[in-house]
Amino acid sequence: MTQTSAIAPPTNVLIVGVGGQGVIMVSKVLAALCQRHGLQVKQSEVHGMAKRGGSVFSHVRFGEQVWSPIIPFGDADILVALEWAEGLRWLNCLKRDTGTFIADTQQIVPPVAFRDRRRGARSGYAPASPAAILEMVGNGFALDATQIATGLGNARFANTVLLGALSTALPFPVDGWTSVLKDMVPAATVTPNLQAFRAGRDWVESGSRPAEETARPAGEGVAVTAALTHRLEITEAWCKGCDICVKMCPERCLRLNARRVAEVANPAACTACRRCEWLCPDFAIRVLTDAPLAAAAQ
Amino acid sequence: MESADQARPLTGNEAIARGAWEAGVRVAAAYPGTPSTEILESLARYPAEDIHAQWSTNEKVALDVAIGASFAGVRAMASMKHVGLNVAADALMSLTYIGVNGGLVIVVCDDPGIHSSQNEQDTRLLCRMAMVPCLEPSDAQEALDMTRFAFELSERFDTPVIVRSTTRLSHTRSVVALGTREVPTGRGFREDPKKNVMIPAHARLKHPQLIERERRLSDFFASSERNRWEKADRAIGVITAGTPYTYIKEVLPTASVLKLAASYPLPIELIQAFCQSVERVFVVEELEPAIETEIRAAGIDVFGKAFFPRTGEFSPEVVREAFENAGVLAPRAKVAPWPVQSPARPPVLCPGCPHTMSYMAIRALNARVAGDIGCYTLATIEPLRSIDTCVSMGSSIANAVGIAKAGTETKPIIATIGDSTFLHAGIPPLIDAVYNDANITVIILDNHITAMTGGQHHPGTGLTLRGETANRIDFEQMVRACGVTWVRRIDSYDVAEMYQTFREAASFKGVSVVISDRPCVIDPVRIKGPALAVNSDGCTACQSCMNLGCPALGWDDGLYDGHHKVKIDAALCIGCTLCAQICGSDCIQPAAR
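Going down the list, the protein sequences come from chains A and B. At position 110 of the first sequence the residue is numbered 110 (my numbering), and the sequence of numbers has no breaks. At position 467 of the second sequence the residue is numbered 467 (my numbering), and the sequence of numbers has no breaks.
Note that these hints are calculated values from the structure, not bench results. Treat the hints loosely; a few may be bogus.
List time: in silico DSS-like cross-link candidates among lysine-lysine, alpha-carbon distance up to 27 Å [claimed, not checked]: (1) A:K240 with B:K405; (2) B:K195 with B:K206; (3) B:K411 with B:K567; (4) A:K95 with B:K334; (5) B:K567 with A:K247; (6) B:K231 with B:K305; (7) B:K528 with B:K509; (8) A:K95 with A:K182; (9) A:K28 with A:K182; (10) A:K247 with B:K305; (11) B:K334 with B:K305; (12) B:K567 with B:K528; (13) B:K509 with B:K405; (14) B:K194 with A:K247.
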């Protein structure tokens, strides 16, 4: 067999997560392992925003010959997600039918998901459940790696737990993985990292499946059937134009008018948080809501 | 440091640094900028006796330092991101007339796809303008080899040389074979005013020589072994350079390929010969049609941007789709995507970031805010929403002057600028504001580091690139020296003082400066204090604290009047107490241990 005509395509592993989770560490371990086995390997990442809690991804490609540092869309053999919703974000990069999905069911809710402050609003973070996704993908593992790592003493080893799970999907011997890990993690954390790696491997090999809904994002429990309405009542005669409500309104919906009396400039932005009502030294503002308080508060 | 005959995985940036070190570079300077930052950081890991590596205050200063070293007869390098070359362009346009004594290489990293920049300009167009050869490596090995070679080229043709990288190359790690360091014998300063002093009489003599140099370089590249002519399928030929070459090999491995080592100047006769050897020729290049335009100008018919996009980063699928549209490849069967949705996850300011309170307080001023470049540009988006403009490094102050002088704005006018950005390009506009008596407030967000690029030192931190103690610039003294009389330094964690001081500053007629002072929470050391917790019974769910946008603050399951109460993620909270100070019902307290 001549080399040029029959080079097998490279194996593609896409590793994703949230900035600060250790996506790069996982990819470096894998890349080092491939290199030790004499394979060509390219590991490509984009950082800069990485530390700032944004979405982070790293491509690792290895084989006899690797050209592009980027995995072609839909060609990932394995997708490793350190955070559940990030796994879903990149899910369609996975190879249909043969691709393997390995994800931590841990959920990190971004601040922007809490942006809707109206009464009864829901979190903007509500990804599909592990069961539904595994059913769809076919070949996948959803484990609560963070929980497993916490059980071992530190949630930060979750990425090593996932490495353990990943190791079952790739044809490298276990001692190859562990020797790379030993070389790449800080000396003081070798033992817990090896334990975490073992735990991830065991999880897959023992055929465990996660209990449904291991983690539930905050804010899903609210059930509101009808839109709630509210309005601000400002008693002009009592307002002395101190500006406190204007300055402190979280949504910036108040202003002082030409007579230096508070008025609502942007009623649509008001969430009825009542901050102005409570802060007004002159009791000039009331927030009127049309829903019975007792019913809405649990 | 390392011996030769070794292979190790290096990123493109690390390989560029290695190439420079092997070429015997003596002086290297840079200002940090993604994706170029790690080049100088890697160089600083080589012995100090081998190389002087330094952060400079901006890219022009960095290039001028390198030019000085070249005058003095040693090999020198400056590295920067694409927009940094704009800052350094003034020096470059004269440097190209002067040429070099010691070899001089400028490494410029473009950012196709705008991963972390304000635009995606194509450095190759500036190379053309400066008539400076532009080498384009396609992987880390070539990054090392070409950088090393660039110094040789620079000395042989008496020209600065630009090595152009892109985000993808700079941040891709692959195995690279290493060489040894060879330092050319020192030359010493060469006294030659006709060469080194660009007065009109000298420059006029130089310009024709530049054109002659361009021709000689073109001849050189025509026979250079660094070009790769891969003879294969005669029906399709591809001319390319840099990273797109790897996508071609992936997507269209059967095509004949002419991979150019340099995208400027082009070896037109070689290209002509290649085009004659194949039926249909495509030029595949990211961003601008730099190569395509030159080839067309030489009267050779090729396809390029008719099929390939001029915007964004290339990838195997972008290249494949273009070849599909051109009828070269059969369209792949479309797979219906899995119906999954994922929430937006924009980058955010870190828990405890001192910038958050600065912008909370600025928001309360209801001011017109000219922003600048740094992490704090994130205050443009939810929930801080307090920046109106952002142009380029240092623009904020002069933008504010312009807004004030236009006379149309009734709100207070504020410029916000980080410490590193202020030193980079904020001082001349501050002097301008004082000189022209603009009624503006400048808020210097001093977090004691260049944070956005991952924590680099600058003259305000008192440490060098190698972490040695340096002369430290005092912002307050400097601002006063610029002629500002109203200057205050405040603690970015003192909420009441922030509101108070900003209001006073905004009501001052003339230039007022507030230095909002607190170190970055992740660089150079990660700060972690005891976490706070919300006393849920007292929380009235007003969510005012959440306007900080702190990632440690989230919704609790408990409700008050239909609104979610707030809870604090103890693992993320660093205990800055900003939320506790903002809380109207005083229910955020140190967590019980």
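Please write out, lowest number first, the hints stated earlier that are contradicted by the structure.
Failing hints, ascending: 1, 3, 7, 8, 10, 14.
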